[in-house]
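Peer 1: Spelled out, the chains give:
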Amino acid sequence: MISVKTGRELEAMRLAGKISARALRLAGTMVEPGVSTFEIDKAIRKYIESEGATPNFLGYAGFPASACISVNNVVIHGIPDHKTILKAGDIVSVDVGAFIGGYNGDNAYTFACGDVSEKAKNLLKATEESLYKGIAQAKAGNRIGDIGHAVQEYVELRGYSVVRDYVGHGVGAKLHEDPSVPNYGTPGRGVRLVPGMTIAIEPMVNAGTYQVKTLQDGWTTVTADGDLSAHFEHTVAITPSGPVILTLPD
Amino acid sequence: MDLKRGQVVFSNAGRDQGNFAVVLEYDGVYAQICDGARRTLENPKRKKQIHLSKTLSFLSEEEMQNDRAIKKALRRFYEHE
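Note that the protein sequences, when read in sequence, are chains A and B. Using numbering that gives the first Met the number 0, the letters of the first sequence map in sequence onto residues 0 to 249. Using numbering that gives the first Met the number 0, the letters of the second sequence map in sequence onto residues 0 to 80.
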């Protein structure tokens, strides 16, 4: 069942989005060679708590950290730890969300650690741009399929693939709500977008095959062919005047 | 930080750092927490709230009725190990 948010609820989501975005921005400032993903996660958690918010990933389905930090061929759900130490050339996806005032935010960005290869730079650029192509379709009257189609077309034209096994989602009082927001689709198909809907659009794009697999820890999801993967995400509100990004730091 | 009975929390400091537990009581500064294994209902851990992070998960009274139930309920927080 899809929930539509009132003006006041959207304001609450804007706040949750702002804190989520600031947490993500903080993570970005820490992505440097020599830093462990544990330290980044700890800083994220401390920041979110300092704002009186709660990291909504911590304990979610048992996830043991406040952010998913996924390096290189890890697509999503990388668990931060002391052993994973960033080095120059890595691409580091951070996915984080905050819960405050009864509502959630959820956003992600893939950062370059030091100098990265041309191949990595191109993947990051294409994935980030595909997110905005998807957001542009997130307007009242369109359908969910329009968003996924825009992302998929943009990405595949550039020789990359979209992950099928994981999708975007509605966001609100719960971190994951209806509807699903796949990064692939047929234009004109799927749930109709109406003002008040709030969704997380999150292209997960692989340099090689779209196939992914989950490791034995039950969380870490990697590309099946070991190639790179990038992930960008915003929580977006559908409004009468077009899509509004809620996960902005200012 | 406002902690409630039944709230699942994460320990940030001490020997139980990195583990999840459930709040039994909270007085505004200290929480009595229990994981059903090392720290039982009879012998909970007294933890300062500044050394804890709260999660958005709660256990029901049924899930907290004894140590075995608590341990079982918290298992999903450790399935990745």
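No wet-lab data here; the hints were simulated from the structure. What you are looking at is a predicted structure, and each value in this text was computed from that prediction instead of being measured. Where is the CB? At the ideal position from N, CA and C, for every residue including glycine. Errors might be hidden in some of the hints.
Stretch by stretch, here's where chain A covers chain B in the computed footprint (C-beta under 8 Å, at least three residues) [stated by the list, open to error]:
1. 21 to 30
2. 40 to 47
Just the calculated beta-carbon pair ranges, DEER-fashion [claimed, not checked]:
3. T213(A) with G5(B): 44 to 52 Å
4. V28(B) with K118(A): 48 to 56 Å
5. G5(B) with R188(A): 39 to 47 Å
6. D224(A) with Y29(B): 26 to 34 Å
7. K118(A) with S59(B): 49 to 57 Å
8. G5(B) with G100(A): 18 to 26 Å
Peer 1: Does each hint hold? Answer for all of them.
Peer 2: Verification of the supplied hints:
Residue count for the segment 21 to 30 of chain B with a Cβ under 8 Å from a Cβ of chain A: 0. That is fewer than the three needed, and the coverage hint is violated. As drawn, the segment 40 to 47 of chain B meets chain A at 0 residues by the rule of a beta-carbon pair under 8 Å; below three, the given contact is violated. Range check, T213(A) to G5(B): Cβ separation about 30 Å, and the 44 to 52 Å hint is violated. Between V28(B) and K118(A) the CB atoms are about 53 Å apart, so this pair conforms to the stated range of 48 to 56 Å.
Distance hint check: the CB atoms of G5(B) and R188(A) are about 43 Å apart, consistent with the given range 39 to 47 Å. Between D224(A) and Y29(B) the C-beta distance comes to about 51 Å, which lies outside the given range of 26 to 34 Å. One distance hint, 49 to 57 Å for the beta-carbon pair K118(A) and S59(B), holds here, with the actual separation near 50 Å. Taking the beta carbon of each, G5(B) and G100(A) are about 21 Å apart, inside 18 to 26 Å as hinted.
The earlier numbered hints that this structure contradicts are 1, 2, 3 and 6.
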